[in-house]
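A.B. asks: The listed protein sequences derive, respectively, from chains B and X.
Throughout the first sequence, residue numbering follows the working numbering, covering 1 to 363 in sequence.
Throughout the second sequence, residue numbering follows the working numbering, covering 364 to 584 in sequence.
Calculated directly from the structure, the hints in this document are not laboratory data.
Any given hint might turn out to be false.
[Unchecked claim] The list that follows gives simulated cross-link-like pairs (lysine to any residue, SDA-like), each with its CA atoms no further than 20 Å apart:
(1) K466(X) / V14(B)
(2) K436(X) / M45(B)
(3) K436(X) / L120(B)
[Stated by the list, open to error] To list a few chain X residues with every Cβ distance to chain B over 10 Å, as calculated:
(4) S519
(5) G537
(6) H567
Where a beta carbon is used, it is the ideal one built from N, C-alpha and C, also for glycine.
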Amino acid sequence: MAHHGNHKEEHHHVTPLEIFHKVFIALIGLTVLTVVTSLYDFGMMNMVVAMAIASLKAALVIMFFMQLKYDNILNQLCMISAILFVAIFILITASDVIVRDNGRPMRIEKAAQGGDDPALMNKLRAVTDDQVAKGKVLYANNCASCHGATGGGDGPGAAALNPKPRNFLSGEWKYGSSPTRIFTTITNGVKGTGMSSYSGMSVEERYALVHYVRSISPQKSDDSAEDLKAAGLDGDFSKFKPKQMVDVGIVMENMAQVDQVELPQDRQKFSDHPGAKLYAQHCASCHGLSGQGAKVTAVGVNPPIALYTTSWNGLQAGWIQDSSAFKKIVSEGLTGWGKPGIGHFNSDEWSQLYSYARALSGR
Amino acid sequence: MSGHHEVHYVEGTKHAIPHHFNSGYHEFDASKMGMWVFLVNEILLFSALFVAYAMFRAKDPVMFHEASHQLNKWMGGLNTIVLLFSSLTMALSVGYLQRNNTKRASQMLILTFLCAATFMVVKYFEYSHKFHAGLLTAKFYTFEGISAGHPGLFFSLYFMMTGLHGLHVLIGMGVIAWVWWRTRRGDFNEHYFTPVEVTALYWHLVDLVWIFLFPLLYLIG
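Please work from the sequences and hints to get the whole structure.
C.D. replies: Listed below in structure tokens is the structure:
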């Protein structure tokens, strides 16, 4: 009566015990393997390898310890459907976020490597009245402090600079007077001089400056074949793709943060420092009210570039111990890093500014 | 309901086969299927947390990377080996019952229980380190050594995932103690060991979840 006999398999599957032992050894081996691979950096592959090993371990446990390999098809389908649904949940829910490029704003020297769009450069090479007018405004804001309000190379910053900034009224050009040559000079800056890189400005803005300074110069040449070749404007550039872009959303977000800077509590004690006023006038717009840095201070929209400054708090840098290094960096700028040279201080002002900057760095 | 019901026992045991089953094997199959369906529920329960993990890790991989370094991968590795060994002893206890070796089966259950206890002791040391270091969630996150993002998010996931898993270990310890007591009492033999078998299935799942938690939480980069 107890056995009606309508079951096909009236016995339990009995697994040989040594199979359990072998599976256990394999599981320990795979555990060691996953720990060892985690000690090396394979980038995204770390995650893939770790999950592959974990899945293999899981398969061993399910097949042999849980004996699903020998179980009936109903139980097997139960487990397979569970695994399938977990995979569906994770992959579809996270499908967007997994493939998304978590682009962070990059520093300007990296962004500049992407290069400018040659097609756009080629179009803007030709002068228009509109560009000259735009360039005049940009010149007053960005260049006049050293090159002079009228372009005579006699701005307030010029006194401390050696070599002196270009006098656009003289008709002399050291790095070429053709539009593309001047564009290159503005883009890259001139190493060893106060002329820093303005690659943070858009192509349009830089060409507007080019056409303005050419408009006030008594002598200038047009682009030669060599000029165009040097700037990569000779071949087929219709397929050019800018290599590095910054997500506009991130730039906007960081621009919004600029207005939110507040002086931290522990920095307020410096506010009556004699260097504080100089700092506020000449440095704070980029380095933050208390040297905290990391705020966007110059943004080009095409290509989108965010300019960042480093926090000075706890900074290990040569200038902190060396006032002459400080003076050199401040007056000459950092070519290619977007740091302009600012040099019109007297010796009292230099020492006040240096002492204040050191105080902000925590020294 | 006329007449009386004849009571059938599984051979060599005091286990009466419920009258709605044809045989002891029929009962065994049904019980096991019940456990598999429960395990599917368990997997889907944990899957919600794995989805949350995948979303937040993809959103802020740098923070997950840094936060993961605050976990002790050697302690996590030790616990992995302890749980894998407990899965072996659990499987062996079923194997010995199938061979009518009740004494060895009960020894294996004791070993399984001790492994589970060891796991919880190691977990206790890990948790207390995190409580002291402020590696917690929300306003209780007071640790200052991680610069990226909001590491409290990593630790809220860490405590939820390992906490739910740890609860399963504790429940498993209770059930293992119970089947050990019944094994000692002589309730089981080669024909009837259903409670031990379904306990083993549950225990292997606890192991299975940990197999994924370990690399995802401890071994990021």
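A.B. asks: If any of the earlier hints don't hold here, list their numbers in rising order.
C.D. replies: Hints 3, 6 are the ones this structure does not satisfy, whereas the remaining hints hold.
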